[in-house]
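> The residues making up each chain are set out below.
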Amino acid sequence: MTTPTMAVKVLRAPRVRRGNLSFDISLAILAVMTLAAMFAPLIAPYDPDAVDFAAIYSGPTAAHWLGTDALGRDILSRMIFGARPALLGPLLVVVASTVIGILLGLLAGWRGGWIDAVLGRIFDVVFAFPALLIAIMAVALFGKGLVAPVVAMSIAYAPFVARLTRTLVASERSRPYVAAYRVQGFSGSWIALRRVLPNVTPIVGAQSTLNFGYVLAELAALSFLGLGVQAPTADWGAMINEGQAGVVGGYFLPAIVPAIAVVIVVVAVNVIGEELSDRIGGGIPA
Amino acid sequence: MTTLRQVAGKLGGLLLTLFLASLLVFFSRFLVPGDPVSFLLRGRKPSPEAIAQVAAQYGLGLPPWQQYLDWVGGILQGDFGRSLQFRQDVSVVIGERLPVTLGLVVMAGTMIAVVGLIAGAVAALNRGRVLDRAVLVGLTVLGAIPSFVGSIVLIAVFAVQLGWFPSFGSGEGFLDTVYHLVLPSIALAVVFVVLIAKVTRSSMIDQLGREHVEVATSRGLTRGTVIRRHVFRNAIGPILTVSGLLVAGLLVASSIVEAAFGLSGIGSLLVQSVDRLDFPVVQAIVLLIVTAFVVVNAIIDILEPWVDPRSAAGAGAR
Chain A
17 MTTPTMAVKV
27 LRAPRVRRGN
37 LSFDISLAIL
47 AVMTLAAMFA
57 PLIAPYDPDA
67 VDFAAIYSGP
77 TAAHWLGTDA
87 LGRDILSRMI
97 FGARPALLGP
107 LLVVVASTVI
117 GILLGLLAGW
127 RGGWIDAVLG
137 RIFDVVFAFP
147 ALLIAIMAVA
157 LFGKGLVAPV
167 VAMSIAYAPF
177 VARLTRTLVA
187 SERSRPYVAA
197 YRVQGFSGSW
207 IALRRVLPNV
217 TPIVGAQSTL
227 NFGYVLAELA
237 ALSFLGLGVQ
247 APTADWGAMI
257 NEGQAGVVGG
267 YFLPAIVPAI
277 AVVIVVVAVN
287 VIGEELSDRI
297 GGGIPA
Chain B
425 MTTLRQVAGK
435 LGGLLLTLFL
445 ASLLVFFSRF
455 LVPGDPVSFL
465 LRGRKPSPEA
475 IAQVAAQYGL
485 GLPPWQQYLD
495 WVGGILQGDF
505 GRSLQFRQDV
515 SVVIGERLPV
525 TLGLVVMAGT
535 MIAVVGLIAG
545 AVAALNRGRV
555 LDRAVLVGLT
565 VLGAIPSFVG
575 SIVLIAVFAV
585 QLGWFPSFGS
595 GEGFLDTVYH
605 LVLPSIALAV
615 VFVVLIAKVT
625 RSSMIDQLGR
635 EHVEVATSRG
645 LTRGTVIRRH
655 VFRNAIGPIL
665 TVSGLLVAGL
675 LVASSIVEAA
685 FGLSGIGSLL
695 VQSVDRLDFP
705 VVQAIVLLIV
715 TAFVVVNAII
725 DILEPWVDPR
735 SAAGAGAR
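Listed in order, the protein sequences are those of chains A and B.
Be aware that the first sequence starts at 17, since it is given in my numbering, and climbs by one per residue.
Be aware that the second sequence starts at 425, since it is given in my numbering, and climbs by one per residue.
Bound-form chain A, shown alone (with noise of 0.2 angstroms):
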């Protein structure tokens, strides 16, 4: 019993953490965001759906940080209320498809033979078509709005979880400790539950990480094309597409701003997910 525990506890140890200043940079950042956006109504100074006619394409002032949209609206409270669509949207999409595609993984890595045959055709033609052009899809069945979307997405990006763990459950299984258990009499099913499942989570989790910045430039894509959130409703991708009418006229704040923080977090999410990448997957050839 203690030499495959060990093993596992092997696997598990992170590497030895050396100092990485973008690393910690981009966490402040989503660390900042996240609590501005569940403190949203503490924080923002304004309402963020109040109209001020006195106040239109204001400029940065001190009374308005970012400045105002088109309709006078604060730019800086907009932003803070828009970061919850913006990232609550990605975090059930990156939550729903790694447990769906953890859970098809380990169904397809563990028991091989046809069931893995018939899911691995499955997913080739879930990859055929993009998370987007599902985004889409499910939007021109169900509806505009955020729900549709976030389903279809979590569809759209379970495979490429799924055929992760697959490939990693695949290799774990032939490895001495699940022979130990399987000679000891423990049921494949326990094994694969309670011993290889929590070996390969922390691996697929920190690929998820990355999926993360993806999601959430897609549904701010979606939002852009009218098909997302809706007006009046502040997100970022919805005051991206608010804002170009301004930008031809030469306003820029109100479509930057929000362009701005998309990037930003995109690029923290994703120097955060290749360092954990890193600091995981060293230990276990992929």
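Every beta carbon over 12 angstroms from chain A, so not counted as near; a handful from chain B, in silico:
#1 431
#2 470
#3 477
#4 483
#5 485
#6 492
#7 527
#8 550
#9 551
#10 553
#11 603
#12 648
#13 660
Covered by chain B, according to a simulated footprint, are these stretches of chain A (three or more residues, beta-carbon under 8 angstroms):
#14 151–158
#15 239–253
#16 266–275
Keep in mind the hints are simulated off the structure, nothing from the lab.
Don't be surprised by glycine CBs; every beta carbon is placed ideally from N, CA and C.
Chain A is already provided as a structure; the job is to place chain B on it using the hints.
Chain B in isolation, oriented as in the chain A frame:
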């Protein structure tokens, strides 16, 4: 070299994937609860004739598999049904808008190939040096610029501030169209340039460390010849594979760019059709994009052994 048998097997896989994808596109409609006629005519005040026409077009009285066969049969003869918003054949509506999208994709594709390959090669050949680091940092930043952000920034800087390029429409005549499509293709290309550059870099670095490159160098070949004949030639396989995977994403992302630049292509048509509840057009465009993706990847899959003979023998030979 690929045998005829392998090609036949790959074509079989292609047809199977296309068949399954078409099932998904067609039967997705059945996920919506309720009466199909009221789904298809949402947001409209249908006359009895319109209801009868939609029912006839979709064969709504028939069993689902019969509906599917009729739909696929029609598509194989170029009949994608009628558009609800334009009251025209879907094939006509799509045909009118296809050239703009193709022009956009061709221009973006050229930029992706040229810039991506050069950036990746430059980074690989200067691995670990300042130039490599600079390219990698540049790629990380560029890779985080989604096409809608790129569009907005390009319009703000090059159309509004500098006035060098138009921000709207696709122009008339060949040169004017190319001119109009410069900014949109850049916005579309950015993310994909990064992906190609990264694959090129890692694929070339992988080859640079191989023994056959050392042998070629020790034979006294010039560095240029070694890189062209022994590094780049071998590195191209993975680059091709990744390029194929990007096709679908490129076509979908073009809808964002077309919307941002007011281009009348099939991408903006897709968005407009979702907005105006024109489901037959949505179905047709989704099927076209997926078909393009599957066919391009099958072609790459079949051609790969000619580019890289080792892959014919299977991955084990690498």
